[in-house]
Every structure is written in structure tokens, then in C-alpha cells.
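Enquirer: Taking my numbering, the leading residue of the sequence shown gets 512, the next gets one more, and so forth.
Everything labelled a hint here was simulated from the structure, so no lab data went into it.
Ideal placement from N, C-alpha and C gives every residue a C-beta, glycine not left out.
Please note that the accuracy of each hint is not assured.
The following label-pair restraints were derived from C-beta to C-beta distances [as the list claims (entries may be wrong)]: (1) Asn-561 with Val-702: 26 to 32 angstroms; (2) Ile-668 with Leu-745: 47 to 53 angstroms; (3) Ala-738 with Arg-780: 16 to 22 angstroms; (4) Lys-693 with Arg-634: 56 to 62 angstroms; (5) Thr-581 with Asn-706: 54 to 60 angstroms; (6) Ser-635 with Ser-537: 52 to 58 angstroms; (7) Ser-545 with Ile-668: 36 to 42 angstroms; (8) Arg-638 with Asn-560: 46 to 52 angstroms; (9) Asn-560 with Asn-687: 30 to 36 angstroms; (10) Asp-622 with Ser-537: 18 to 24 angstroms; (11) Glu-659 with Val-702: 57 to 63 angstroms; (12) Ala-553 with Tyr-647: 41 to 47 angstroms; (13) Asn-614 with Ala-699: 47 to 53 angstroms.
Listed below are the simulated DSS-like cross-link pairs for lysine-lysine, each with C-alpha atoms no more than 27 angstroms apart in a straight line [as the list claims (entries may be wrong)]: (14) Lys-599 with Lys-693; (15) Lys-709 with Lys-698; (16) Lys-583 with Lys-599; (17) Lys-683 with Lys-644.
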Amino acid sequence: MKMFKSILKFAAVSVLAAMSLQACKSQYDALLSSSDVDAKYAAAFDYFNNGKYNKAARLFENMAVQTSGTEKDDTVQFYWGLSNYRFKDYYTAETNFSKFLTNFPRSPFADEAAFLRIDCLYRSTYRSELDQKPTYSALAVISQYMVENPESSHYPICKRMLQELNERLDKKAYDNARLYFKMEDYKASRVAFKNILKDDAENIYREDILYYIAKSSYKFAQMSVEAKQKERYLTFVDDYYNFVGELPDSPYRRELDVLYKRSQKALGRYSGSEEDLDTKDKDFEKERKKLLKQSESGE
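Given the sequences, and given the hints that come with them, work out the whole structure.
Expert: The following block contains the structure:
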């Protein structure tokens, strides 16, 4: 009997909860189907202010046609986008803000909408090992905004975004080129690294790239048939001089100095001993491994 009463009590509570939920749902659905713009407008802001951004977004979207051409038009359109942004639906929010800027370029909300659109694009980018098309899209919009709004309070944030996204592209290009080196395709490795600097001379990995260009040309020469070694060692010598001319104090210098002497020996120009080269090899081996480890970890 006691168990039966407990079951009845639980059932009653469940029914009341279901009725309450149905009432709330019915009230919200009634708002969506209502033609009372003022009621929708007030309710949408009430949901927004209480953090119920998805419901607010649906209401702002729902009344957008009804408020088109009225004094509420830009407010509804902006908060439709802002609600989606707060709900973390950045794809839809970016579309909202893009449309808003086209329709209301002189609105008091325009500057904030422009920045929030940028933030949506920025948040939609991927880490360096994935597709970078969203990164290029974000960079184009950020750059345009900075040119057009040099005095904006958002300018410093946009500048940091721009730097971070450019560095991500630098890493993407560097990692892609280094794959060829890891696969021991040294000819392709050298070409890939040189193309990076051709496209972007200020790449943040410039020192590492110049090192790998020289190292790739040395490895390519070393693995070549004897008839082609001289020409390819001379290519390494050019790469070596380019490196030490720009970065004479680089920690990579010691290793490349030894490779240079080895290339000179292969070209018949080295007067030192093999023992001397072996000693230098041991001196820089630990340092070389440390540098490569730092490079791979992005330090």
C-alpha cells in the first residue's frame, strides 16, 4: 500500500511537470505564431537578457519580416545575429552580421557588427594542420576592416588576430615543406622551402627554412650519382653562403660549417683531416638534436 501511494505521488508530480512544460512550450509557440510584434519584441529581449539565446534568436528571426522597414528593423537584425553569436552558432551569426552590414551600413550597431563578424570568422578557423581556407577568408576581412577603421577600439584585437592567423599559415607552409625532408625527398624539400620564402620572405620560421634549404641541397648532392655530385655540392655551397651571410651567429652554423667542409672535401678543396671532421661531428650532434626537437615542438 505504501509503495502504491509513492507510485501515485511520483506519477502526479510527473504529470504536473509535463503540464508545466507543455504550458511553457505552448506560450513560446504562441509567440512565434503571433502577429503581435511588440509582444515578440519584448519577449525576445527578455529571453536574450536571461541568457536564452537560442529562443531569442528564433524570435528575432521570426519577427524580422514584420519589422522590415520600421524603426525596429536594424535593432532586430542586429540582435538576431548577436543572439546566434552568444549561442555560439558562429556560422549563422557571421551570415547575420554580413547581411546586416549590407543593409544598414550607417546603423549605430554597424561597427560592432563588423567586429563581431570578424570574430565569427576568426573562431571558425582551424589549427594549422587542417584546411586553411577559413583562415584566408578571415584574413581578408580583418585586413579590410583595419584599413577602413584605423581608429576603432577593436583595432588592437584585430591586429593580434591578424598576427596569429599569419603565423598559423607560416607554420602550415613550414610543416608541409618539412614533410618532404622527413620522407628524404631532398630535391622536393629544397624546392618547397625556397617557395615559402619566395611567397613570404618574412615567414617566422625563416632561420629554420634557410637551414633546411642548405641541408636538403647537401643531402641531395650526397645521394646523387657521382657524375652529378659536383654540380649539386656547388648548389649546397651557394645555400651555405646564403645562410651564413644572413645568420652568421645561428646555432645551426656549426653543423652547416661541417657540411661545408665535407662538401669542399668532395670537391677536392678541403685540406684538413677526416679526424677533424669526425670531432666536429660529435661536437654539434647533441646541439643539432636539441634544435630539431625545439623546432618540431614549435618552441
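Enquirer: Each of the hints needs a verdict: does it hold here or not?
Expert: Evaluated hints:
1. Asn-561 with Val-702: 26 to 32 angstroms: 59 angstroms, violated
2. Ile-668 with Leu-745: 47 to 53 angstroms: At 50 angstroms between Cβs, range holds.
3. Ala-738 with Arg-780: 16 to 22 angstroms: The hint (16 to 22 angstroms, Cβ to Cβ) holds, given that Ala-738 and Arg-780 are roughly 19 angstroms apart.
4. Lys-693 with Arg-634: 56 to 62 angstroms: Given range 56 to 62 angstroms: violated, Cβ gap about 32 angstroms.
5. Thr-581 with Asn-706: 54 to 60 angstroms: 55 angstroms, holds
6. Ser-635 with Ser-537: 52 to 58 angstroms: At 36 angstroms between Cβs, range violated.
7. Ser-545 with Ile-668: 36 to 42 angstroms: Roughly 40 angstroms apart at Cβ, these two residues keep to the hinted range, so it holds.
8. Arg-638 with Asn-560: 46 to 52 angstroms: 35 angstroms, violated
9. Asn-560 with Asn-687: 30 to 36 angstroms: 48 angstroms, violated
10. Asp-622 with Ser-537: 18 to 24 angstroms: 40 angstroms, violated
11. Glu-659 with Val-702: 57 to 63 angstroms: 38 angstroms, violated
12. Ala-553 with Tyr-647: 41 to 47 angstroms: Check passed, 42 angstroms falls within 41 to 47 angstroms.
13. Asn-614 with Ala-699: 47 to 53 angstroms: Since the Cβ atoms of Asn-614 and Ala-699 sit about 50 angstroms apart, the hinted range of 47 to 53 angstroms holds.
14. Lys-599 with Lys-693: Violated, because 39 angstroms separates the two Cα atoms, which is more than 27 angstroms.
15. Lys-709 with Lys-698: 17 angstroms, holds
16. Lys-583 with Lys-599: 24 angstroms, holds
17. Lys-683 with Lys-644: Within the cut-off at roughly 12 angstroms; holds.
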